[in-house]
Structure formats: C-alpha cells, structure tokens
Amino acid sequence: MPEIRDFHAFPDAQGRFGQFGGSFVAETLMAPLAELTEAYLRLRKDPAFVAELDRDLTHYVGRPSPVYFAERLTKHVGGARILLKREDLNHTGAHKINNTVGQALVARHMGKTRIIAETGAGQHGVASATVAARLGLKCVVYMGATDIERQKINVYRMKLLGAEVVPVTSGSKTLKDALNEAMRDWVTNVADTFYIIGTVAGPHPYPLMVRDFNAIVGREARAQLLEQYGRLPDVLTACVGGGSNAIGLFHAFLNDRDVRIVGAEAAGEGIATGRHAASLAAGRPGVLHGNRTYVLCDDDGQITETHSVSAGLDYPGVGPEHAFLKDAGRAEYVGVTDDEALAAFHLLARTEGILAALESSHAVAQAIKLAREYPPDGIVLCNLSGRGDKDVHTIAAREGVQV
Amino acid sequence: MSNPVSRIPSPGAQRIDRRFAALKAAGRTGLIPFVTAGDPSPEHAVALMHALVESGADLIELGVPFSDPMADGPVIQHASERAIAKGVGLAGVLGWVAGFRQRDKDTPVVLMGYLNPIEIHGYARFAAEAVQAGVDGVLLVDCPLEESAVLAPLREAGLRQILLAAPTTAPARLEKLCEAAEGFLYYVSFAGITGAARLSTTDIAARVADLRAHAKAPVAVGFGVRDAESAKAIAGFADAVVIGSALVERLAGAASAEEIAARVAAFLRPVREALDAR
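Chains B and Z, in that order, are what the protein sequence lines are.
Numbering follows our numbering, in which position 303 of the first sequence is assigned residue number 303; successive positions increment by one, without gaps.
Convert by adding 1000 to the 1-based position in the second sequence; the result is the number in our numbering.
Derived by calculation from the structure, the hints in this document are not laboratory data.
Ideal placement from N, C-alpha and C gives every residue a C-beta, glycine not left out.
Any given hint could be a false lead.
A few chain Z residues that face chain B, going by a derived Cβ cut-off under 7 angstroms, partial list only [stated by the list, open to error]:
#, residue
1, 1067
2, 1071
3, 1115
4, 1117
5, 1142
6, 1144
7, 1148
8, 1166
These stretches of chain Z come out as covered by chain B in the derived footprint (C-beta under 8 angstroms, 3 or more residues) [unchecked claim]:
#, stretch
9, 1074-1087
10, 1119-1127
11, 1168-1177
Construct the complete structure from the given sequences, taking the supplied hints into account.
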C-alpha cells in the first residue's frame, strides 16, 4: 500500500478506504443509499445541523465526557499512567448515543417517521429507542434470540422506551443475523423508514456517517490531553467489534504519527481455539453486510459463528476503516480473551469503583498490558466505551453466583 | 462501463443468447426456475436440474448457498441453511453443473448468490472452473454495477454478468443498467426481499415495457411470482419469468429423485402451460 499522507482524506466518493468499504448491496438498496448519502453529505456541512447536533450532545447526551486518571489502577499495574475517556457517563451509558442522536436528526431532516436498528449487546438498541422516543418516531429493534437471552435488562429498557424488539432466530441468532433482518426490513419499507446502523460497518455512507458522529470522542480527548497534560498520549486503545467506539477515539489522532494505536478484539476462549470474534487479528478480506473488510469465514466463504463473552463484540466482520488502518500499518489489532476481560472488569471495579461494560473491559485489559510497556511518565488513553450494569447478570452466571 | 464480453464470443454467452433468440423466434415467454443448489438434497442436485428442464425450464438459476443472504426472504434463507448444514459449497455446486452438462448441452445455467464465496475462492480461479463446468452466467446479488470491477476475470472468461433493476432504481441508473445489460436483465418486480408481497401488474408492465425498449438484453421479471396465474400476468410483457421462493418451498423435504421430479412437474408444468397458452 502506498504511503498515506492524510488519513482524514478517507473514504473517497464511493465510500472506499483503500480497497475496503464500498457499497456491496442489492439493487433495491442503491436508491435509498444514494438518497441517504446525498442528504448526509449536505447536512454534515450545514451549520444549522451542526449546531443542532452540538446542542443535543451537550444538553441531552451530557458531553463533554471527562478524561479520568485511573490512579489506583495505574499504581496497581505499575507502569504508565492509564487515562480513561469516560463514555460510560453519557446518557444511556455508552458511546452509542453519539451516533443515534446524529442519525435521528438526519432521519428527521429526511422526513422519515419510522426508525429501525439492529443490536447485539442492546446498547445501540437502547440508544436508538431513546432518540426515537425523544423525537416521537416509531422504533423497531432487531435482536438475535441468543442476545435477547443474555441481555434481558436492555431488552426491557427498549420496551420501556416504547420500542418493539423483534427476536431474530435465523443463523447464529446474534448481531450479524439481526443486521441481515434489519436490512431486509429497510429494503421492504424504505419509503418511511430510516435504518440507524450502530457501527462503522454496512454500505457507504454508514462507515463514514457513524464515524463522524463518534469522532467527537477523539476530538474531545485530544483537546483534553493537550489542556490537562500538555501533550498527546503515547498510545490509544479501545475495544473493536464493529469498531465504532474505537474509530471514534482513533480518528482525531490518525495524523499524529507518534501516537500508537492499538485495537482490542475479542479473542473469546483464545484465537487458537477458533472460538473468538477477532476478524482483524485472525480473519481475511471478504465481503459482508455491504462492504469489503476483514471477515471470519471458512474456505467456502461462509461466515463463521463467533464467540465472545460480550455480545457487543460478537461480530464476524469489522468496520472497513479499521481494515484499512491495519493494512496501512497505522493501527495494530490484538486479541483479548474472555478471561482477561473479566479480570480487568474486576480490577477496575475494585481499584476505581467503576463497573465497565464487558466490551470496554477488553480495552481496559489491553490498557493494562500497554501500561507495562511504557515508563511511569507515559500515557495510555483507553476508551471506556460503556458501563457494565447491563452485564451484571452475565458475570454472576459465569461465576456461579445467584443474584 | 465497458463490456468486453459482447466482443468476445464464448460458449456460455452464446448459450444464453441463443436460448433467448429461440424463444423470441417461437413467440414464447421464457421460464426461469430458481432452486438452491443442494436443497432439498445434495445427492439429487443434478436430477433436480434435469427435472426442471423436463418440466419446461428454459434457463436454470442455481442458487449458491450463503450464510448471510441479506436480500433473500426466509424461504430461500432456510434452504441455504439446510444446504450449508449438509456441506454444500461452491466446489460442489460447480461439480453438479458439470454433471448436468454431461446430458444437457443447451440449457443455460446461471449461478445466483453473494460475492463472498467467490471472493474467497478467488475470482480468476472461479472464472476458469465455472466455464470448465459449463456455467453460463452469474447473478451476484450484492455486487451492483458500481462494484463489478472485481468481476473482470469472470467477464474475460466469457461468463455473463446478469444485472438487476428494481422499481426504486433511479432513471439515470436505469440507463446505465440498460447499456451494460448482457445475457438478460433481471427486473425485481417490487422493493423487498425474495418471496414476499404482491405484484401490481399494471405498474410493472409499464416499467418493463420501458426497459425492453432500451435494454441491450432481454428482460426477465422475478420476485413475487408464485404460481401459474401470476406468471401468466407477467408473461404478456416480459421476455421471461423467474420463479423462485414458491418452488423452493414446494421442494423442501422431498426425499427421493422421484418425489423431487413429481413435485417439480406438479408445480412447474401448469406455469409452463399458462405461459404457452397466452
């Protein structure tokens, strides 16, 4: 791959990040995608839209989220300073709301009255139901039957917010199947329906649009670091399923070549066991859900079932921009196992009084490993993408505790 | 987009074009059944293809099972899942086409499916093996014209890329599709997944008439054709009718070659007769 001068110049007009991205969809979706692309490219440059979004992010989401120095965790680990970008403190408890607030505004500007969404852990479903309720839009959330079982609290939250949750029983009954089903709904109901994709995957313009709405995370963090520490971090880390919180943190730093970037994928029971969801660390380029990216599939091209203790990382593809950053050598992607994530969950809870989401616990585990590689005056900036309340039952069940 | 196939004659390209030319000469509407390869049973996959021809098929659309068929409805998705569970993959499908070709040298076969199995197999390798097996064209649901540069090795090998047009397709895009059409242009008769919804015949008639006037290839209409009656309604204005989900649904669970042939005949012959009685 040729040397990249400006990482902020991607994607191109066709939605390509180098060889990744694009619009690999059925003919019936080409028109709605073109309509969405046209509307979004216009709105993202419209000062009135940008001001409206900023107001919502400040007064509804609660931005900016703090950068917090995890001092006791740092002391316990005995390495570089670990800073946490506290996306868990946003309204609804995760970074997902940054994106749904933005897409809901786009939907309203396009005159759509019905919102659909897919969800894995339920965080994106909750964030979609939330903004739909606020704007008075009908909301249908597709969720794999397996995920419904392991995320009951979030399912109930969505219902309380007035959303209809549709169980998906095809395939592996997880996030990828929910995405297939939501795409089908959209194809059938395009006239009044806006599809809020929850991650930086899918066809163009979704990887661009979802990244833009989450990029506030890195923009804020970069300014906060400069203001509070007078310097940029040595290394960034975030968990990567589809990759929206990670690209949100990474994007503002992509052209800061001295800042190392490490994505933490779900290694599940270990990459060698085959029971994992590490598309970048262990997959290969392919085409899934409307874009070319790294995927987990067999030699017949069939997408393989993934495994992770965290539903939000249980996805066999990954956003095309991450595939591009990997091949360009700008970011590294490594696996963190279920056990490592759980250990990090407990350590963070005991040393800092923060219950992290299981997804985010993968990033915390990686931050701990990275902190050991740097001197005490170094800085590891970790995206704490969501809070762990939703995972309490999963953790209790796994550890044999009756709640 | 340039279209080298139209300048390079190949057996496959000729087979599809010859078949549509013959239909036109005879004043008949083509019948294109779709089946998922390996469903209801991999052992009888070749027998099923012959049964389709014996019951009146003019061209066969053979679905290559994929784990994540985004544009298909539950009927075809479940057929894909059943086939994958029995180990059906691209290599097996190509083997069945080759087996079919031992007895049938004339009926065109188009593979229908998604890009990832071919991407993973390798485009050049697939192109060579597909031509060798006797495949005539491909219809890749998630590969619109804008992304079809990757299919260059297929076109160079002589495989037709069957393109789709939909009611939602914008006029400017329709022009591009008509210009690039080869083999036949597949008109999706409603905006939805396979096997759902109802046709509004007058609406489709106007759209298809317009397409036939402009497209550089014949126009086949599909998505939502369920029986002889709905097929006949379309026959008046299309060059061919595609019938998929309803057939796949009928075949599910058929255990023997005889039962498969009987179900195909019971379903397809009335459609054939309705098309010919026009």
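Hint by hint, here is what the structure shows:
1. The interface hint given for residue 1067(Z) is met, as the beta carbon of that residue sits about 4 angstroms from the closest beta carbon of chain B, less than 7 angstroms.
2. The closest approach between the C-beta of residue 1071(Z) and any C-beta of chain B is roughly 4 angstroms, which is under the 7 angstroms cut-off, so the hint is satisfied.
3. The beta carbon of residue 1115(Z) comes within 4 angstroms of a beta carbon in chain B, closer than 7 angstroms, and the hint placing it at the interface holds.
4. A least Cβ separation of about 3 angstroms between residue 1117(Z) and chain B falls short of the 7 angstroms threshold, and the interface hint therefore holds.
5. The interface hint given for residue 1142(Z) holds, since its Cβ lies 5 angstroms from the closest Cβ of chain B, which is under the 7 angstroms cut-off.
6. Taking 7 angstroms as the C-beta contact cut-off toward chain B, the hint placing residue 1144(Z) at the interface holds, the least distance being around 6 angstroms.
7. The interface hint given for residue 1148(Z) is broken, as the beta carbon of that residue sits about 10 angstroms from the closest beta carbon of chain B, more than 7 angstroms.
8. For residue 1166(Z), the interface hint holds, since its Cβ comes within 7 angstroms of a Cβ in chain B; the closest pair sits about 4 angstroms apart.
9. Remark: the stretch 1074-1087 of chain Z is confirmed as covered by chain B, as 5 of its residues place a Cβ nearer than 8 angstroms to a Cβ of that chain, reaching the required three.
10. Coverage of the stretch 1119-1127 of chain Z by chain B holds. Counting CB-CB distances below 8 angstroms, 3 residues qualify, and the rule asks for three or more.
11. Note: the stretch 1168-1177 of chain Z has 4 residues with beta-carbon separation from chain B under 8 angstroms; the three-residue rule is met and the coverage holds.
Of the numbered hints listed earlier, the single one contradicted by the structure is hint 7.
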